[in-house]
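Asker: Note that the protein sequences, when read in sequence, are chains A, B, C and D.
Counting from 17, one number per residue, gives the positions in the first sequence under this note's numbering.
Counting from 248, one number per residue, gives the positions in the second sequence under this note's numbering.
Counting from 627, one number per residue, gives the positions in the third sequence under this note's numbering.
Counting from 1161, one number per residue, gives the positions in the fourth sequence under this note's numbering.
Think of the hints as simulated: they come from the structure by calculation, not from any bench.
Be aware that a few hints might be false.
As the list claims (entries may be wrong) - Only some residues are given here: those of chain A computed to face chain D with a beta carbon under 7 Å:
no., residue
1, Cys25
2, Val30
3, Ala60
4, Ser61
5, Asp67
6, Ile69
7, Val95
8, Cys166
9, Cys206
10, Ala209
11, His210
12, Ala212
13, Pro243
14, Tyr247
C-beta: ideal position from N, C-alpha, C; glycine also.
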Amino acid sequence: MKIPYYPGCTLNTVAKDFDTSAKESARAVGFEMEDLEQWNCCGASFPLTPDNIMGLTAPAKVLSEAKKAGDRLTTLCSVCYNVLKRTNKVLHDDKARRKSVNEFMEDDYDGSLDVVHYLEVLRDDIGFEKLKETVTKPLEGVKAGAYYGCMLLRPFDDIGIDNAEAPTVMEDMLKALGATPVDFPDKIECCGAHLAMNNKEVVQRLSGNVIASAANEGAEIIVTTCPLCQYNLEGTQESANADTPNVPIVYFTQLLGLALGQDAANLGFDNNGGATEKFLKKKGLI
Amino acid sequence: MPRIGVFVCQCGNNIEATVDTQKVADETKKLPGVVHTESYKFMCSSPGQDSFKKAIKDNKLDGVVVSACSPHMHEKTFRRAAEAAGLNQFQCEITNVREQCSWVHHDETRKIGTDKTMDLTRMTIQRLKKNRDLTKITIPVTKRALVIGGGIAGIQAALDIADGGQEVVIVEKEPSIGGNMARLSETFPTMDCSQCILTPKMVEAELHDKISLYTYSEVEKVDGYIGNFSVTIKKKAKFVDESTCTGCGECWEKCPFKADSEFELGLSKRKVIYTPFPQAVPNIPVIDKTRCPKILKDKCGLCAKVCGPQSIDFTQEDQLVTEEFGAIVVATGYELMPNKDFGEYGYGKITDVISGMQFERLASASGPTGGAIRRPSDNTEPKNVVFIQCAGSRDEKRGVSYCSKICCMYTAKHTMLYRHKVHDGQAYVFYMDIRSGGKRYEEFVRGAIEHDGAMYLRGRVSRVYEKDGKVIIQGADTLSGSQVEIEADMVVLATALVSRPGADTVAQTLGIGYDKYKFYNEYHPKLKPVETVTAGIFLAGTCVGPMDIPESVSQGSATASKVLALFSSDKMAREPITAEVNKQTCNACWDCVTSCPYVAIEKEEIKDRKGNVVNMLAHVNDGLCQGCGVCVCACRSKAIDLNGYTDEQVYAAIATF
Amino acid sequence: MPEEAKIETEGVFEPKIMAFVCNWCTYAGADLAGTSRMEYRPNVRIIKLPCTGRIDPLFIMKAFENGADGVLVSGCHPGDCHYTTGNYHARRRWTAFKDLLAFTGIDLKRVQFSWVSASEAIKWVELINNVTDDMEALGPFMKFKEMNKKGPNQG
Amino acid sequence: MKIKLGKEDIDSSLIQQIERVSGETIKRCYQCGNCSGGCPVSYAMEIPPTQVMRYLQLGMVEELMASNSMWVCVGCLQCFSRCPQSVSVANTLEGLRQLVLRKGEDHDRIEDIPLPMLKNAPQMAIVCGFRKFVS
Ligand SMILES: Cc1cc2nc3c(=O)[nH]c(=O)nc-3n(C[C@H](O)[C@H](O)[C@H](O)COP(=O)(O)OP(=O)(O)OC[C@H]3O[C@@H](n4cnc5c(N)ncnc54)[C@H](O)[C@@H]3O)c2cc1C
Ligand SMILES: Cc1cc2nc3c(=O)[nH]c(=O)nc-3n(C[C@H](O)[C@H](O)[C@H](O)COP(=O)(O)OP(=O)(O)OC[C@H]3O[C@@H](n4cnc5c(N)ncnc54)[C@H](O)[C@@H]3O)c2cc1C
Ligand code: SF4
Ligand code: SF4
Ligand code: SF4
Ligand code: SF4
Ligand code: SF4
Ligand code: SF4
Ligand code: SF4
Ligand code: SF4
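Required output: the full structure, derived from the provided sequences and hints.
Answerer: This is how it looks when you write it as structure tokens:
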């Protein structure tokens, strides 16, 4: 099975490990992620004002390109996923805006693409049962907190990947990998997002809450689907904030790759500062 | 040739001032078929009516027109007089020349009024010529009422009907009557104990010689119409012989198996053979056949061994009985929206987030904790309790858009009960508005705040989660504009009151309407609040919408007065304004059937002499037809007509316009 | 008809308006106008029916055939029907009927629909005055009258 | 605070413009407080989400524009997700931001962003930040 794949700017650069570990794991469980031939930045924010047609054009261009490659498009980054999926829905449901966007782009894309997250492919196409069978190195004893953040879940009517208040898809995946998922109250709270640019205080507070909440429930490692969450959480730990427990923050595909027997050296654990490697060593996983 | 009489009333000067009634009388006299006309000062006065009757007899009239005030005023008077004079009362027609002519045209020359009166009178005369004799329809009335649902509303209805001397059957689907009120601890606004005021009524219903209780039973099928319902009731197998069981309790003492108690909302267990609560009426147990190993795989049977009178019968089966009733009261009540519907409040996953009804059980002296407030998770006394109002109510996105009406009041009550039982405890209430309309209700809420120290916070709670054995509430106080976080020991949701599952099926069985929330529709929300569009079926209590006990009881009594009025004579007479099908021209398209708002048209089988069905035709059930005439216009074959307003009559009137 | 002759001889056009109204709302509203001694134009002749649901579109055609210049149909407000849904049936029927009207070439303005409740005497008064004005403006409805002169079957 | 209220404040053309741009109907908000309760940055807002809606209902746009609320909102959509009335404060605040940005007034200057941030941060943070803060 081959699925067209939109990497997005961040996964092409600072979050390259997220991208490669996912692709490698996909191969292991039986599908192939094919980069779109042509792609551009999705804009990294879904335009919340409905009259903002310009904000829709960048993602619309991506979708239109993707349609040439097939009927489905997969992504990894929560923000890309959110922007593409919502834009796609607008183009599908809202005739007027579809017309404006297409006129501007001189295109005729109709929103017929099925935009899915990598996790959905794992869950719905492969199945966690099957995933479990493919695991060669079960993550035994790893207490992992799945952190969803905002963009993978909200708004539920547009995204609908899982229950917006009590999602479990990542926990279910972690279980399949042999890890022990840890539920924590702040798993659907915001990390501070783009305020990283101009409001460190807010980011540190919000990200700090998330880490503390996970640690309080016993999480030894936090798993995310979003490079910005990863950046904010890790950044908060690295800053002089003494209260924040030092919990490694990794992409879910890094743990996935590990469990599926990929060489740890290629999974980018060194990028996460020493803590991750130390933790995994302690657990006897690397 | 018809012999018609026309009587033009002057109404003192009311009509005469703008209508030359004598001229009208003189002119109409010239019309074909009119043999007598007169103008009179006060037609409705005794001498007026006497002269009216005399004229009918003397002139051998076969039809009369009275051109006078609105038919809404005196149609009955003149029809009765016409009947007294030997005429079929439907051969008497009124022309409205006062309200709709003399009073609204102030022309002093009297030309306008006179012309219009002539026109209108002529139209009535032409219409009258097409009138047929009609006889009032009489329907026999079975003086026996069915009450569906034995909550407080149903019990009240049954007691009042029975006290009025008529027989009542209560069909209750649970093993005991009492409904939700049986679960309550103390009740606002007077704070009397629910059991103390309900139990005597339950016992009275049981002992009343006019009331029969069919508990553990449900209505399967309803046929017929007002005065003549035929109802099939399913009596579910109790596996206990009601006639011999003494309610001694040996069986449920000894039964070794347990299940969650429905009555206690999962807060405690009951046995497999059980009565839902100690004061149950009747105090006769039932066996939960889905859990009894004797029934499932022929093991145990302990209860039968210990039962002195040998009342246990494992072979009992559900029984169907069909009985006749003249009227039906529907009082099937409500339930609370399930806790699991509240995502942001923990989906029913957090043990210490409970519903208002569960709190009632905790506070009830006969409840699982004997009236002590204990949190379910670890049975400790909660010191900080947060009450969240409007949980699921006024939330069109995830719940229901309406206000549940009683939860502001019961939340205030809960904070009081809590403070009375946990003196050092603090109650917090998140509310959007406090709705305490009712006699002494606002004072009650003020008491909760001022006297019992409840902390009211104006704002909705955004999220509830568990942390370190506490329940964390994240909300807002919009009055100060701040976010509020409370570490509570227990959370009580003032959960939306919703219709019972299956309420729509019950409505369909009965042929009554319901709204999108499956609450039953009143005939008219203000003026016929306990009637339904189906004559003979009445509504009481919370199956109509949220209401408290006083209102439920009032409605129960109101339905009883309706039922007793209906039962006050052996036969009901009603206007013969009903539809009738012409069997020659009906071509069985059933357009009429689908258009009738009262489901009054049936598909009738026409059989030949050998009894084979040769044809199907529409047939109007006089008992159900309300005479709206919708079917007449729906029928493309013009095969159906409305007595009293036939096409012929209407066309005759139009033709002379 | 003597009236018709009069109208023509006097030269002033007095439109003839037929009103089909339901017994429970509009008829009672019209009564209330009387009880309150309001005044309105005298051109309307009311035919009372149990419900607007009983008003057959053919009644309206018949009224035109018999010399009406305008027809008014009025009943209970939506949701207030004495027979719960009768007026909904009526409304649905009229939507179809309007097409028929347009087809027969009758100016749609000649048939007016309204809701007048039992308490809306003022609305009734205004309605009658307005409809009368409208019909006056439209002038006599000759189409069917001419047809009638030729005889009913030669249309 | 004392406000003088008239129809021209409640239904001003500016309010209508905000409704148009944001696609939200201001009067749908029934002031339940849920959004303020759940908003992660409510604590840092000079005017918290519920009050944002109230200020708009009262036509008090100037006060809102002068506050930091629209710039602090992270767009996490928690407010919209839980609003019983399906109102999106997030969209409303975005609408207010747009009013400023579309006039060409930047909230942040690119020069002020620390260089290490520009180098190390995920591209998405920078792109998104530019969209929210720079015209
Ligand atoms: C937490 C809470 C606290 C309250 N506190 C107060 C208070 O303090 N004061 C006050 O005035 N009110 C209070 N109320 C409201 C009160 O409970 C109701 O007003 C009252 O119980 C309604 O009675 P009912 O007979 O309409 O319905 P119910 O009590 O629901 O009775 C309906 C009966 O019909 C039966 N039934 C249902 N369907 C069928 C069927 N198909 N066939 C046969 N039987 C059927 C049911 O089993 C039940 O026995 C409170 C409500 C709640 C939720
Ligand atoms: C401004 C306003 C608007 C309202 N709007 C609505 C609405 O939209 N919808 C709604 O449902 N309700 C409405 N109501 C409420 C409604 O008016 C009442 O519920 C209703 O009229 C009460 O009727 P009643 O028969 O109890 O009392 P009343 O209407 O007061 O009738 C009592 C009668 O008793 C007579 N009477 C009094 N004393 C004696 C005596 N000693 N001997 C003989 N006769 C006596 C009085 O003269 C009177 O005729 C409104 C009320 C107000 C004030
Ligand atoms: S019958 Fe009517 S119009 Fe005649 S006097 Fe009586 S009230 Fe007046
Ligand atoms: S032991 Fe027998 S008599 Fe006693 S309650 Fe049980 S069934 Fe009834
Ligand atoms: S036979 Fe069933 S009901 Fe009787 S004691 Fe055993 S389990 Fe209980
Ligand atoms: S009664 Fe009070 S708590 Fe209940 S829904 Fe209405 S306002 Fe909310
Ligand atoms: S007149 Fe009305 S109620 Fe009677 S059968 Fe016809 S549609 Fe039904
Ligand atoms: S609509 Fe007319 S033809 Fe059709 S079934 Fe009814 S009565 Fe018969
Ligand atoms: S949650 Fe919605 S309704 Fe409630 S205050 Fe916020 S915007 Fe208004
Ligand atoms: S979107 Fe903005 S206003 Fe809404 S909850 Fe998130 S931060 Fe608060």
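Asker: Have a go at the Cys166(A) hint: is there a Cβ in chain D nearer than 7 Å to its own Cβ?
Answerer: OK, holds: Cys166(A) within 7 Å of chain D, min 4 Å.
Asker: Go through the hint on Ala60(A) and say holds or violated, using the shortest Cβ distance to chain D against 7 Å.
Answerer: Check passed: Cβ of Ala60(A) comes within 4 Å of chain D, closer than 7 Å.
Asker: Let's test the interface hint: is any C-beta of chain D closer than 7 Å to that of Val95(A)?
Answerer: Check passed: Cβ of Val95(A) comes within 5 Å of chain D, closer than 7 Å.
Asker: Is the shortest C-beta separation between Cys206(A) and chain D less than 7 Å?
Answerer: 4 Å, holds
Asker: Given a cut of 7 Å on the nearest C-beta pair, is the interface hint for Ala209(A) held or broken against chain D?
Answerer: 5 Å, holds
Asker: Min Cβ distance, Asp67(A) to chain D: is it shorter than 7 Å?
Answerer: 6 Å, holds
Asker: Identify whether the interface hint at His210(A) stands, where standing means a beta carbon of chain D within less than 7 Å of its own.
Answerer: 4 Å, holds
Asker: Less than 7 Å between beta-carbons is the criterion; does Ala212(A) satisfy it with respect to chain D?
Answerer: Since the shortest Cβ distance to chain D is 5 Å, the answer is holds.
Asker: Interface hint check: Ser61(A), Cβ to nearest Cβ on chain D, cutoff 7 Å. Holds or violated?
Answerer: It holds, given that the least Cβ distance between Ser61(A) and chain D is near 4 Å, below 7 Å.
Asker: Report holds or violated for the interface hint on Val30(A), using the least CB-CB distance to chain D and a cut-off of 7 Å.
Answerer: 5 Å, holds
Asker: Next item in the hint list is Ile69(A). Is there a CB on chain D closer than 7 Å to its CB?
Answerer: 12 Å, violated
Asker: Does the closest beta carbon of chain D sit nearer than 7 Å to the beta carbon of Pro243(A)?
Answerer: 4 Å, holds
When each numbered hint is compared with the structure, a violation occurs for hint 6 only.
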